[in-house]
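K.L.:
Sequence:
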Amino acid sequence: MNKSTNSISEFHPDHHGYYGMFGGAFIPEMLYRNVEELRTQYLQHMNDASFQKDFQDLLRDFVGRPTPLFYAKRLSEKYGTQIWLKREDLCHTGAHKVNNTVGQILMAERLGKKRIIAETGAGQHGVATATVCALKGLECIVYMGEKDMQRQAPNVARMRMMGAKVVPATSGSKTLKDATNEAIRDWINHPEDTHYIIGSVVGPHPYPDMVARFQSVISEEIKWQLKDATGNEEPTHVIACVGGGSNAAGAFYHFLESVSVELIAVEAAGEGVDSGKSAATTALGTPGILHGSKSLLMQTADGQVVEPHSISAGLDYPGIGPLHAHLHTSKRGKYLHATDEEALEAASELSRTEGIIPALETAHAFAVLKKMQWKPSDRVVICLSGRGDKDLATYMEKLK
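The numbering of the sequence shown is the numbering used here, which starts it at 10 and goes up by one.
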């Protein structure tokens with residue numbers, strides 16, 4: 010699929026799924042029919058009144074939306090500003106991931122698909138996929154890196170409890186990248202009856218756009234909640250962690266055109282950006298093709314993917330979604346990074362200051378609070394994308 014020069018908006022994809030120079034659909038011939046079917050129908054279904062009713066009903070009654078926008082009083086006092094937490098950790102299943110899986114299971118139903126596959130890193134997307142498959146009575150296969158299965162054992166148990174088959178990815182680094190590879194191989198072998206619920210704003214068009222639209226409920230709620238609380242619907246800053254980037258895409262979505270709102274994404278620096286054990290794609294990546302789209306990815310000079318590292322399984326990915334690649338290169342977004350150690354410190358601070366234990370992924374977003382200068386008048390919204398129950402073993406080991 011060739012890049013078109015006619016884009017609807019600078020921050021929304023054109024007809025072929027490009028955000029600036031990033032995006033598109035680079036897929037094997039066996040998957041062309043599936044991806045094209047989805048591309049030609051996803052907006053039609055999403056804009057249908059019956060689809061929206063089903064989606065909104067499930068978000069309210071099953072997911073538990075709207076999630077609160079919580080004023081973090083003690084954290085605000087510490088940093089001399091106004092800090093609000095968008096509590097996606099209070100969603101059913103414990104993270105923002107379920108917003109997308111609810112939307113995609115409705116899409117799969119309308120496409121007549123009976124078999125669902127997914128990839129997962131930290132396990133939250135796998136749990137959210139298993140949840141909606143159980144809700145709808147559909148077969149569910151989740152691919153997960155063998156290493157991630159060990160460090161995210163509680164989520165593996167949750168998936169199996171709901172009837173999902175969890176298949177270990179035993180190649181490469183045995184993490185999220187490799188799980189995604191296995192899921193794509195499965196899809197190639199079962200193109201007729203299978204829908205692939207991709208868990209982030211990555212993959213071939215239309216997935217980055219579709220997932221961002223499902224997750225945009227986050228920023229939609231932030232606008233009216235912040236207006237109710239402050240009289241102003243726009244924050245001065247929105248902060249979110251980024252692996253592939255779905256929670257950040259959702260938190261940024263309704264502010265993309267509002268240049269007065271600073272969008273801050275935080276990647277995982279692992280043991281340090283220059284340590285050789287990092288997942289800071291915007292600092293280390295170059296343009297290339299990964300998992301069906303053109304974006305920024307960590308790669309060698311001859312195009313071999315560099316294995317990423319992060320203490321958080323959900324950020325342990327060598328690429329970034331094409332929307333984020335465009336936001337970074339266009340300077341619309343500020344892309345920062347936090348090390349494993351900084352994320353652990355931030356998680357401890359939030360837990361002891363506000364009584365909220367964040368997911369390791371989410372902790373990276375909080376780590377940048379001490380890296381920036383804040384004003385008392387700033388309205389800072391942090392997307393608290395997931396809760397830390399799944400990471401307690403790591404916290405207990407690292408925070409002794």
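It is possible that part of the hints are untrue.
To be verified - Derived CB-CB ranges, DEER-like:
# : residue 1 : residue 2 : range
1 : LYS82     : VAL268    : 43 to 51 angstroms
2 : ASN241    : LYS123    : 28 to 36 angstroms
3 : SER18     : SER360    : 20 to 28 angstroms
4 : THR362    : SER59     : 38 to 46 angstroms
Claimed, not checked - List of simulated lysine-lysine pairs, DSS-like, C-alpha gap at most 27 angstroms:
# : residue 1 : residue 2
5 : LYS62     : LYS236
6 : LYS62     : LYS232
7 : LYS232    : LYS384
No lab work stands behind these hints, which were simulated from the structure alone.
Note that the coordinates shown come from a computational prediction; the quantities given were computed from them, not determined experimentally.
Just so you know, even glycine gets a beta-carbon here, dropped at the ideal spot from N, CA and C.
K.L.:
Are the hints correct? Go through all of them and say.
P.N.:
Hints and how they fare:
1. LYS82 <-> VAL268: 43 to 51 angstroms: Since the Cβ atoms of LYS82 and VAL268 sit about 29 angstroms apart, the hinted range of 43 to 51 angstroms is violated.
2. ASN241 <-> LYS123: 28 to 36 angstroms: With Cβ atoms ~47 angstroms apart, the hint is violated.
3. SER18 <-> SER360: 20 to 28 angstroms: Given a distance of about 39 angstroms, which is not inside 20 to 28 angstroms, the answer is violated.
4. THR362 <-> SER59: 38 to 46 angstroms: holds (45 angstroms)
5. LYS62 <-> LYS236: Measuring from Cα to Cα gives roughly 25 angstroms; hence the hint holds.
6. LYS62 <-> LYS232: holds (21 angstroms)
7. LYS232 <-> LYS384: holds (21 angstroms)
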